[in-house]
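What follows is the residue order along each chain.
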Amino acid sequence: MTHPGDIMRLEAEIAGVPADVLAVAPSTNDEVASVLRYASDSNKVVDVLGGGTHHGYGSPRQPEIVLSMGRFDQTEAWNPEDLTVVVGGGMPIERLEGMLAERSQTAVLPEVPGSSTVGGAISAGMSSLRRGRLYGTRERVLEVTLVTGDGRVVRAGGRVVKNVTGYDLPRLVVGAFGSLGVITSICLKLWPVPPAAMTVIVDDVSAADVVSRPLAVLESDDRKAVFIWGTESEVEAVSGRLRGEEIPGLDWPVDPAGSLRWSLRVPPANTSEAIAKLPGGWRYLAVHGVGDIRLASDSRQGAGALRSWAEGIGGRLVVTESPPASLPDFDPWGEPPPAIELQRRVIAQFDPRRIINPGRLAGGL
Amino acid sequence: MSLVDDLRSALSHDRVLEEPLELHLYSKDASMMRGEATCVVLTETTDEVAAVVRIAEDHRVPIVARGAGTGLTAGASPTEGGIVLSTTLMNDIEIDVDNRTAWVGAGVINLDLSTYAEPYGLHFAPDPSSQSVCTIGGNVANNSGGAHCLAEGATTSHVLGLEVVLAGGEVVVLGGEAPDSPGLDIKGIIVGSEGTLGIVTSALVRLLPLDPDVRTLLIDFETMEEATQTVSDMIAAGFVPAALEIMDQKMMVAVENWLHAGFPTDAAAMLLAEVVGETEAVTAEAALISEMAYKNNARGVELAEDEAHRAKLWKGRKSAFGALAQISPDYYLHDTVVPRSRLVETMDEVQQIADRYGLDVYNVFHAGDGNLHPLISFDASEEGMLDKVQRAGEEMVAACLRNGGALSGEHGIGLEKRDMMRASFTELDLDAQARLKEAFDPEGLFNPAKILPEGSRCFDFGGTRRPIPEGAWV
Ligand SMILES: Cc1cc2nc3c(=O)[nH]c(=O)nc-3n(C[C@H](O)[C@H](O)[C@H](O)COP(=O)(O)OP(=O)(O)OC[C@H]3O[C@@H](n4cnc5c(N)ncnc54)[C@H](O)[C@@H]3O)c2cc1C
Chain R
1 MTHPGDIMRL EAEIAGVPAD VLAVAPSTND EVASVLRYAS DSNKVVDVLG GGTHHGYGSP
61 RQPEIVLSMG RFDQTEAWNP EDLTVVVGGG MPIERLEGML AERSQTAVLP EVPGSSTVGG
121 AISAGMSSLR RGRLYGTRER VLEVTLVTGD GRVVRAGGRV VKNVTGYDLP RLVVGAFGSL
181 GVITSICLKL WPVPPAAMTV IVDDVSAADV VSRPLAVLES DDRKAVFIWG TESEVEAVSG
241 RLRGEEIPGL DWPVDPAGSL RWSLRVPPAN TSEAIAKLPG GWRYLAVHGV GDIRLASDSR
301 QGAGALRSWA EGIGGRLVVT ESPPASLPDF DPWGEPPPAI ELQRRVIAQF DPRRIINPGR
361 LAGGL
Chain A
366 MSLVDDLRSA LSHDRVLEEP LELHLYSKDA SMMRGEATCV VLTETTDEVA AVVRIAEDHR
426 VPIVARGAGT GLTAGASPTE GGIVLSTTLM NDIEIDVDNR TAWVGAGVIN LDLSTYAEPY
486 GLHFAPDPSS QSVCTIGGNV ANNSGGAHCL AEGATTSHVL GLEVVLAGGE VVVLGGEAPD
546 SPGLDIKGII VGSEGTLGIV TSALVRLLPL DPDVRTLLID FETMEEATQT VSDMIAAGFV
606 PAALEIMDQK MMVAVENWLH AGFPTDAAAM LLAEVVGETE AVTAEAALIS EMAYKNNARG
666 VELAEDEAHR AKLWKGRKSA FGALAQISPD YYLHDTVVPR SRLVETMDEV QQIADRYGLD
726 VYNVFHAGDG NLHPLISFDA SEEGMLDKVQ RAGEEMVAAC LRNGGALSGE HGIGLEKRDM
786 MRASFTELDL DAQARLKEAF DPEGLFNPAK ILPEGSRCFD FGGTRRPIPE GAWV
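Chains as they are written, first to last, in our numbering: chain R, 1 to 365; chain A, 366 to 839.
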């Protein structure tokens, strides 16, 4: 059993953490392990804090320990010639992408991350707006080091771009909300950023049909835009074909703001229909070709009908942020996902006392 | 009732095979390891698969899923006996053009899917060289790659949903056309699990639009080093074409004798490079590839003239393993992967190992991914030969690991590399993987003894896993 004194050593000031909650900021795998072992032994709920930007998901339990990933913010290895990078779970996305941009590379993580960390985006399963062309975050994660709920340090995957050595645990942690363990280190597959890029404002998203595989086709309340990148000649030719106002570079929109935030997920072909079905006053940013629609509203009015419609076509309406107790009787995830008992058994193998972020995952897990 | 009687009453008499000759046909995959099944079932529906799983549990016998049997690691070899479940009759395709997806039966042949999708302007990106015979179920189970996975990712990036039969015969549908299904990505962990977590009956796959334009270049070099250096240079310069495949001289000769693909047999190595996309893009990129190749002393760069020429080049590339049949009765192929900046050194070490053992090694590989396939040709009937080949192979894998690589890039672990897993992972790493297996399959009935070495589960003294059986190697 870990001595509480060992844990106290790791105590840190973390803004916004109430006085009766123990705040710790470990900096090594072993330290994380000792915190989690202590928490498991004494049945204390641990909240893992990355950038704190994905804290709205699920029905989290009141934490007794807040574990900050702030000290896991290093670049452990960057191999530009292999297009791979290894970073700590607490690495801020903005800082990482800034560093990679110097060598015209990207990890294809969310574009406007705020204070989001790599570990946080992976845990919450957040993807880039470029996902229609370059795929989601799960396709980026090559290797992970996890500290399990009972304090085991486990590595899976490898630092190569193609790998089928054992079970694909690196992909399983994407969207797992920490239920398999605290992600302390990640190897990401990078992608080259080509020399030219253009944002073209269009009247209708169908205008994008003249491009074989655009980087993104995004629609928000006030703008429809096609994003392209590539060689100079390609970008010039394709922009010309799109016949719209041209903004040099990639002019990413920001996610809509509001006291309530949602993620509407529908089959890609239903994206326009979904926008048409939004209740009055809801703001949106939709990734066409993917069916990923980010929403904000000031009231929940119309949410029930929208969710029923979405679930009826195999989609979801997920609450991603809400003021405390603002949505009683409204499950943040909607209907429970399939194979819930199996998920419970898998989690029990990694976090047997269920101390890391309990309640955040769908189905109340 | 006996196992076979139970199965026959659940399926039909003729779809449960037990004649010795039939069992022999299903006793191995394309690897060098054989098992012995108690019987073979040919299921047609998901309900039948569920019934077979329940019967296997009642009789406490293993169940080994099998697609086309082209796996190279004994994944589909029933080395622990039991039921071989063949999916070849489960071959429906239901395409959704608007969403660019298709629900595909596990037994559908990879190439048949792309052929089916072509009139809709779509195709399935993963294209293993075995694509004209291997099945989608096998691709999913092995997370198979292919020449064009360099830019688009391996099978897992293209699987959006799965219908799976789990332990207890429970049927679940996971994932779907909408992105980011909530909950743990159970579908994602089943991809690449080599039939050890459940039986995939059907997959929802992503289809990509056919490319508007393409350029295919055949580049020849006087040394292997120059060819691999060209690939490393391209990646280092931040340029990832659609495909970058290398073949050495010996392999080219073998292919030319048979298929006359037009490969430069007097060159030490050739690089087959392809770029796809908008015309403006592929024109510029093809020029860039030539430039980089010439910088590394390429002797010549040939551009495929038309679709027929391109198809001939790809046929030559994808038939390489088969071409070795003229050279020797047997070949042993290792599939490993190294960081792309380590290609030159690793290829060198592989050759030195072959030389030291006096073995003939042929190379044809997915260079852009750093995915090597050293192929040792030999005659297994020669005294002591198999042993020598195995030892050389293990040294080659060890060399890749020393260079920062992984055990397998696309063929999987199966039984073949199972006992090498300890070279890649700690006890705790393996224990975590074994726990995952336990959560899915507590009785250990799905393809037992594959992937994880015996004793992977720490503190597990019961031990359902056994050493590789005597005589499994053929
Ligand atoms: C000439 C040749 C070239 C090859 N080229 C490539 C290549 O370029 N890239 C590549 O990645 N591989 C390649 N391979 C390896 C092999 O073809 C692939 O692994 C392929 O995906 C296997 O498919 P299959 O249908 O033959 O599966 P099988 O060999 O029948 O089975 C493979 C594994 O999948 C499991 N399995 C099969 N179906 C199911 C199911 N429905 N549910 C659960 N588990 C299942 C089996 O139990 C086994 O573990 C090649 C093989 C050969 C012989």
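Warning: the hint list may mix true and false statements.
[To be verified] Every beta carbon over 12 Å from chain A, so not counted as near; a handful from chain R, in silico:
#, residue
1, Gly132
2, Arg265
3, Pro267
4, Phe330
[Stated by the list, open to error] If you want a taste of the chain R side facing chain A, the calculated C-beta under 7 Å gives, among others:
#, residue
5, Gln74
6, Asp203
7, Ser206
8, Gly291
[To be verified] Ranges between beta-carbon positions, derived for each pair:
#, chain 1, residue 1, chain 2, residue 2, range
9, R, Glu273, A, Ser377, 41 to 49 Å
10, A, Glu819, R, Ala276, 23 to 31 Å
11, R, Ile313, A, Thr410, 22 to 30 Å
12, R, Pro195, A, His389, 56 to 64 Å
13, A, Glu422, R, Asp41, 58 to 66 Å
14, R, Ser206, A, Glu422, 46 to 54 Å
15, A, Gly627, R, Glu246, 50 to 58 Å
16, R, Ala237, A, Ser497, 32 to 40 Å
17, A, Glu656, R, Pro60, 50 to 58 Å
18, A, Glu459, R, Ala12, 26 to 34 Å
19, R, Arg223, A, Val498, 43 to 51 Å
Keep in mind that the hints were calculated from the coordinates and are not lab data.
Just so it is clear, the structure is predicted and the values come from calculations on it, not from any experiment.
By construction, the Cβ of each residue, glycine as well, lies at the ideal position given by its N, Cα and C atoms.
Results of checking the hints against the structure:
1. Gly132: About 10 Å separates Gly132 (chain R) from the closest Cβ of chain A, which leaves it inside 12 Å; violated.
2. Arg265: Non-interface label on Arg265 (chain R) violated, nearest chain A Cβ at 4 Å vs cutoff 12 Å.
3. Pro267: Given a closest Cβ separation of 4 Å, the condition is violated.
4. Phe330: Fine: 15 Å to the nearest Cβ keeps Phe330 (chain R) off the interface.
5. Gln74: Violated: closest Cβ of chain A sits about 20 Å from Gln74 (chain R), beyond 7 Å.
6. Asp203: This hint is violated: Asp203 (chain R) lies away from chain A, its Cβ roughly 22 Å from the closest one there, beyond 7 Å.
7. Ser206: Violated: closest Cβ of chain A sits about 13 Å from Ser206 (chain R), beyond 7 Å.
8. Gly291: Since chain A brings a Cβ to about 5 Å from Gly291 (chain R), closer than 7 Å, the hint holds.
9. R:Glu273 x A:Ser377: 41 to 49 Å: Given range 41 to 49 Å: holds, Cβ gap about 44 Å.
10. A:Glu819 x R:Ala276: 23 to 31 Å: For Glu819 (chain A) and Ala276 (chain R) the Cβ distance comes to about 58 Å; the hint is violated.
11. R:Ile313 x A:Thr410: 22 to 30 Å: At roughly 26 Å between Cβ atoms, Thr410 (chain A) and Ile313 (chain R) fall inside 22 to 30 Å, so the hint holds.
12. R:Pro195 x A:His389: 56 to 64 Å: Hint holds: Cβ distance 58 Å, inside 56 to 64 Å.
13. A:Glu422 x R:Asp41: 58 to 66 Å: violated (37 Å)
14. R:Ser206 x A:Glu422: 46 to 54 Å: With Cβ atoms ~52 Å apart, the hint holds.
15. A:Gly627 x R:Glu246: 50 to 58 Å: violated (44 Å)
16. R:Ala237 x A:Ser497: 32 to 40 Å: About 36 Å separates the Cβ atoms of Ala237 (chain R) and Ser497 (chain A), which means 32 to 40 Å holds.
17. A:Glu656 x R:Pro60: 50 to 58 Å: holds (55 Å)
18. A:Glu459 x R:Ala12: 26 to 34 Å: At roughly 55 Å between Cβ atoms, Ala12 (chain R) and Glu459 (chain A) fall outside 26 to 34 Å, so the hint is violated.
19. R:Arg223 x A:Val498: 43 to 51 Å: Holds, at about 49 Å.
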